[in-house]
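J.: What follows is the residue order along each chain.
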Amino acid sequence: MEITFYLASTVAVFTTLMAITRANAVHALLYLVVSLLAVALIFFTLGAPFAAVLEVIIYAGAIMVLFIFVIMMLNLGEEAAHQERQWLLPGIWIGPTTLAVILLVELIHVLSDGELSRTAFAVDAKQVGILLFGPYLLAVELASMLLLAALVGAYHLGAGDRGEDR
Amino acid sequence: MASTIPINYALLVAVILFALGLIGILVRRNLVFILMSIEIMLNATGLAFVATGSRVGQADGQIMFMLVLTLAAAEVAVGLALILRIYYGFKTLDADALSRMRG
Numbered sequence: 000m001e002i003t004f005y006l007a008s009t010v011a012v013f014t015t016l017m018a019i020t021r022a023n024a025v026h027a028l029l030y031l032v033v034s035l036l037a038v039a040l041i042f043f044t045l046g047a048p049f050a051a052v053l054e055v056i057i058y059a060g061a062i063m064v065l066f067i068f069v070i071m072m073l074n075l076g077e078e079a080a081h082q083e084r085q086w087l088l089p090g091i092w093i094g095p096t097t098l099a100v101i102l103l104v105e106l107i108h109v110l111s112d113g114e115l116s117r118t119a120f121a122v123d124a125k126q127v128g129i130l131l132f133g134p135y136l137l138a139v140e141l142a143s144m145l146l147l148a149a150l151v152g153a154y155h156l157g158a159g160d161r162g163e164d165r
Numbered sequence: 000m001a002s003t004i005p006i007n008y009a010l011l012v013a014v015i016l017f018a019l020g021l022i023g024i025l026v027r028r029n030l031v032f033i034l035m036s037i038e039i040m041l042n043a044t045g046l047a048f049v050a051t052g053s054r055v056g057q058a059d060g061q062i063m064f065m066l067v068l069t070l071a072a073a074e075v076a077v078g079l080a081l082i083l084r085i086y087y088g089f090k091t092l093d094a095d096a097l098s099r100m101r102g
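Protein sequences appear in the order of chains A and F.
Quick note on numbering that gives the first Met the number 0: the first sequence kicks off at 0 and runs consecutively.
Quick note on numbering that gives the first Met the number 0: the second sequence kicks off at 0 and runs consecutively.
Please keep in mind that the hints were generated in silico from the structure rather than gathered at the bench.
Note that the structure is a prediction, hence the values are computed from the model and not measured.
Please note that the accuracy of each hint is not assured.
Per label pair, the in silico range of CB-to-CB distance [said to hold, decoys possible]:
1. Thr91(F) <-> Phe132(A): 44 to 54 Å
2. Thr3(F) <-> Gly76(A): 47 to 57 Å
3. Ile85(F) <-> His108(A): 37 to 47 Å
Cβ atoms here follow ideal geometry from the backbone N, Cα and C, with glycine treated the same way.
This is chain A alone, in the form it adopts within the complex (with noise of 0.2 Å):
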């Protein structure tokens, strides 16, 4: 189980690094999916078998989808790539770059105090279930709402100006 983690932990990663340094990007999607599958692979070692299978189903399948729509729409081609490429000198990158890297060094730090000896519990989805439906219900709802909110959201703008021609 262990060595099971420390892998999809190296794939997480390395494909999320490689996922924002592609030029094209249906190349980085691609990569971004595999990330999202080794951080379910994460979640089910960590004893949370639901949290992994929602990761699959909605994050690596909805989302991802969603934005493989989007590119296929955009048709964005060899040139957009070339673009992504002048963009992606070391010079634009080095400096946002070192800013982050200085605060992921001092969340490490603060992570280091803890005590390392810590491990974790399962939690199955009947538990995830009984809170869900109990003491979080106005959230579920809340979250519904949020839902659809989003939906006529997307479907408004996505819409185009045919409601204005009128």
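Following the hints, complete the assembly by docking chain F onto the known chain A.
T.: Coordinates of chain F only, in the frame set by chain A:
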């Protein structure tokens, strides 16, 4: 069933992924890549929630992860619709060029 993985290592992975997403937002100029980096950061926070939730053996962490997931889905739907409108309107996805445009 309790696994033998120290929670700090899981949090370490979450922190590294969060920093990578932050680098992506700061460095990239294409709106699609910026949105992808936001997804990476939201995913990293979800990982931190699940890790801390399983540290104490409670399901609350996974419920917070689910709410983050809902937020990510809603955000990506509206964000991608906006990106499509911007691309059809301005014929570019360069965040710097868009910040200079009016109307």
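J.: Find the hints from earlier in the document that the structure breaks and name them by number, from lowest to highest.
T.: none
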